[in-house]
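Peer 1: Quick note: the sequence shown uses our numbering, first residue 205, plus one each step.
A portion of the hints provided could be inaccurate.
Result set (PhoX-like, lysine-lysine): computed pairs, CA atoms no more than 20 Å apart in a straight line [said to hold, decoys possible]:
1) Lys-599 / Lys-400
2) Lys-399 / Lys-332
3) Lys-332 / Lys-405
4) Lys-332 / Lys-416
5) Lys-591 / Lys-332
Pairwise CB distance ranges (calculated) [claimed, not checked]:
6) Val-429 / Leu-610: 26 to 36 Å
7) Pro-603 / Pro-223: 29 to 39 Å
8) Pro-550 / Phe-257: 20 to 30 Å
9) Ile-480 / Leu-411: 20 to 30 Å
10) Ala-504 / Ile-480: 44 to 54 Å
11) Phe-291 / Val-629: 48 to 58 Å
12) Val-534 / Gly-367: 20 to 30 Å
13) Ile-480 / Ile-594: 44 to 54 Å
14) Pro-335 / Asp-206: 32 to 42 Å
15) Lys-465 / Gly-554: 37 to 47 Å
16) His-627 / Asp-463: 37 to 47 Å
17) Ile-248 / Ala-504: 20 to 30 Å
18) Met-527 / Gly-438: 34 to 44 Å
19) Leu-509 / Asp-536: 18 to 28 Å
Read the hints as simulated data drawn from the structure, not as lab findings.
Quick reminder that beta carbons are idealized off the backbone N, C-alpha and C, glycines included.
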Amino acid sequence: MDALILLGSFIVLILIGMPVAYALGLSALIGAWWIDIPFQALMIQVAGGVNKFSLLAIPFFVLAGAIMAEGGMSRRLVAFAGVLVGFVRGGLSLVNIMASTFFGAISGSSVADTASVGSVLIPEMERKGYPREFSTAVTVSGSVQALLTPPSHNSVLYSLAAGGTVSIASLFMAGVVPGLLMSACLMVLCLIFAKKRDYPKGDVIPLREALKICGEALWGMMAMVIILGGILSGIFTATESAAIAVLWAFFVTMFIYRDYKWSELPKLMHRTVRTISIVMILIGFAASFGYIMTLMQIPAKITTLFLTLSDNRYVILMCINVMLLLLGTVMDMAPLILILTPILMPVILGIGVDPVQFGMIMLVNLGIGLITPPVGAVLFVGSAVGKVSIESTVKALLPFYAVLFLVLMLVTYIPAISLWLPHLVL
Numbered sequence: 205m206d207a208l209i210l211l212g213s214f215i216v217l218i219l220i221g222m223p224v225a226y227a228l229g230l231s232a233l234i235g236a237w238w239i240d241i242p243f244q245a246l247m248i249q250v251a252g253g254v255n256k257f258s259l260l261a262i263p264f265f266v267l268a269g270a271i272m273a274e275g276g277m278s279r280r281l282v283a284f285a286g287v288l289v290g291f292v293r294g295g296l297s298l299v300n301i302m303a304s305t306f307f308g309a310i311s312g313s314s315v316a317d318t319a320s321v322g323s324v325l326i327p328e329m330e331r332k333g334y335p336r337e338f339s340t341a342v343t344v345s346g347s348v349q350a351l352l353t354p355p356s357h358n359s360v361l362y363s364l365a366a367g368g369t370v371s372i373a374s375l376f377m378a379g380v381v382p383g384l385l386m387s388a389c390l391m392v393l394c395l396i397f398a399k400k401r402d403y404p405k406g407d408v409i410p411l412r413e414a415l416k417i418c419g420e421a422l423w424g425m426m427a428m429v430i431i432l433g434g435i436l437s438g439i440f441t442a443t444e445s446a447a448i449a450v451l452w453a454f455f456v457t458m459f460i461y462r463d464y465k466w467s468e469l470p471k472l473m474h475r476t477v478r479t480i481s482i483v484m485i486l487i488g489f490a491a492s493f494g495y496i497m498t499l500m501q502i503p504a505k506i507t508t509l510f511l512t513l514s515d516n517r518y519v520i521l522m523c524i525n526v527m528l529l530l531l532g533t534v535m536d537m538a539p540l541i542l543i544l545t546p547i548l549m550p551v552i553l554g555i556g557v558d559p560v561q562f563g564m565i566m567l568v569n570l571g572i573g574l575i576t577p578p579v580g581a582v583l584f585v586g587s588a589v590g591k592v593s594i595e596s597t598v599k600a601l602l603p604f605y606a607v608l609f610l611v612l613m614l615v616t617y618i619p620a621i622s623l624w625l626p627h628l629v630l
């Protein structure tokens, strides 16, 4: 009955249109009233939920990504990707995937990735003879890997939701190989389409121009070196690397590229603060919601339920994948990470799955949800940028869904894909 009151009230509040963050907070209040817990205890949990040093990484990474996204970085990364793969048949679709890979490793955001890369490449791909629906599908699917590769904001959220037992550095390292695998699989699919549909080849860029393009892109890509190199060398933590990434992004954007106006900075800061405020409210209320769940022993009950379904870890993992895929289509990624991680962590520990690997499994699942209707935020952004209907984009995305599901299965059932690099370098 306790679980029904807490989860039922949350579902009802969501169905009547209340924002997720407030639904979490109000349902936690209802749950506390039901089990006779003082409301002051919830307020302590809300304050404690956001009073964590590691959370500073999120606003810094968001700000660094925003500065790079609006300061001309996406255009230079697209040009750099064109130097590398733009000359082959279907080269612009490969450029799209590769540019998303580069930009995702700077912004850590699929929405920013789709908006920045898509605004440059979707019109260009259409001009070269690619269908606009296909161009949009390539952009949207390619942006999912931004959730995996460092600096992924969602990896920080997963570490927080796991109670700090999983290090952010381990998650950052774990996302590199799955992210590159996803990009490689999508590029293979694009090559198949290019050959089948006879998409055009790109032009070979002259050496002098190529060197200039590479030199300009190198300044922005140094952000990846700063973030990963600093963490791996032990010079600074993930949070400190985020702060340094902001300084580097500001320096490159305002003094090297100089495409961004100083007068626009206050507006950029305002947008970033609004985004972070929403995230922090969500984190605080999710902490109180998780506290009530723990008192009601809901995670333990869920663990027992899964273990009664089967004693086979592969079957349990498939059940979890199906659940995450379905939930990811109707709810945004951040609240799902904060709600489901404390519930599922005992389950995956009980079947012997490494929490770092499970973090990658969760991010891939929920990333697919972001490009799937009816509540796919990245799908909506991509369709708006590409100026095509949701229905047309989803139809074009069908083969890309199949590739992403293949990557999900590989990440789920081959632990080395996620764990090899963390074990090697940490």
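Peer 1: Determine for every hint whether it applies to the structure shown.
Peer 2: Tested hints:
For a cut-off of 20 Å, the pair hint linking Lys-599 to Lys-400 stands: about 18 Å separates their Cα positions. Proposed proximity of Lys-399 and Lys-332 is supported: the alpha carbons are some 15 Å apart, at most 20 Å. Restraint check for Lys-332 and Lys-405: the C-alpha separation of about 9 Å stays at or below 20 Å, so the hint holds. Annotation: proposed proximity of Lys-332 to Lys-416 is violated, straight-line Cα distance about 24 Å (limit 20 Å).
Between Lys-591 and Lys-332, the direct Cα distance comes to roughly 17 Å. Compliance with the 20 Å bound is thereby established for this hinted pair. Separation of Val-429 from Leu-610 is about 31 Å and conforms to the stated range, judged on CB atoms against 26 to 36 Å. At roughly 34 Å, the beta-carbon separation of Pro-603 and Pro-223 lies within the given 29 to 39 Å, and the hint holds. The hint said 20 to 30 Å for the Cβ distance between Pro-550 and Phe-257, and at roughly 26 Å that hint holds.
The supplied range of 20 to 30 Å is broken by Ile-480 and Leu-411, whose beta-carbon atoms lie about 44 Å from each other. Distance hint check: the CB atoms of Ala-504 and Ile-480 are about 33 Å apart, inconsistent with the given range 44 to 54 Å. Between Phe-291 and Val-629 the beta carbons are some 34 Å apart, a value that contradicts the proposed interval 48 to 58 Å. The beta-carbon spacing between Val-534 and Gly-367, approximately 26 Å, falls within the hinted interval of 20 to 30 Å.
Restraint check, Ile-480 to Ile-594: a C-beta distance of roughly 28 Å breaks the suggested window 44 to 54 Å. Between Pro-335 and Asp-206 the beta carbon distance is about 52 Å. The supplied range of 32 to 42 Å is therefore violated. A hinted range of 37 to 47 Å is violated for the C-beta pair Lys-465 and Gly-554, which are about 55 Å apart. For the pair His-627 and Asp-463, the beta carbons lie near 41 Å from each other, so the given range of 37 to 47 Å is met.
Judged by the Cβ atoms, the range 20 to 30 Å given for Ile-248 and Ala-504 holds: they are separated by roughly 23 Å. For Met-527 paired with Gly-438, a C-beta distance near 38 Å keeps the hint of 34 to 44 Å intact. Judged by the Cβ atoms, the range 18 to 28 Å given for Leu-509 and Asp-536 holds: they are separated by roughly 25 Å.
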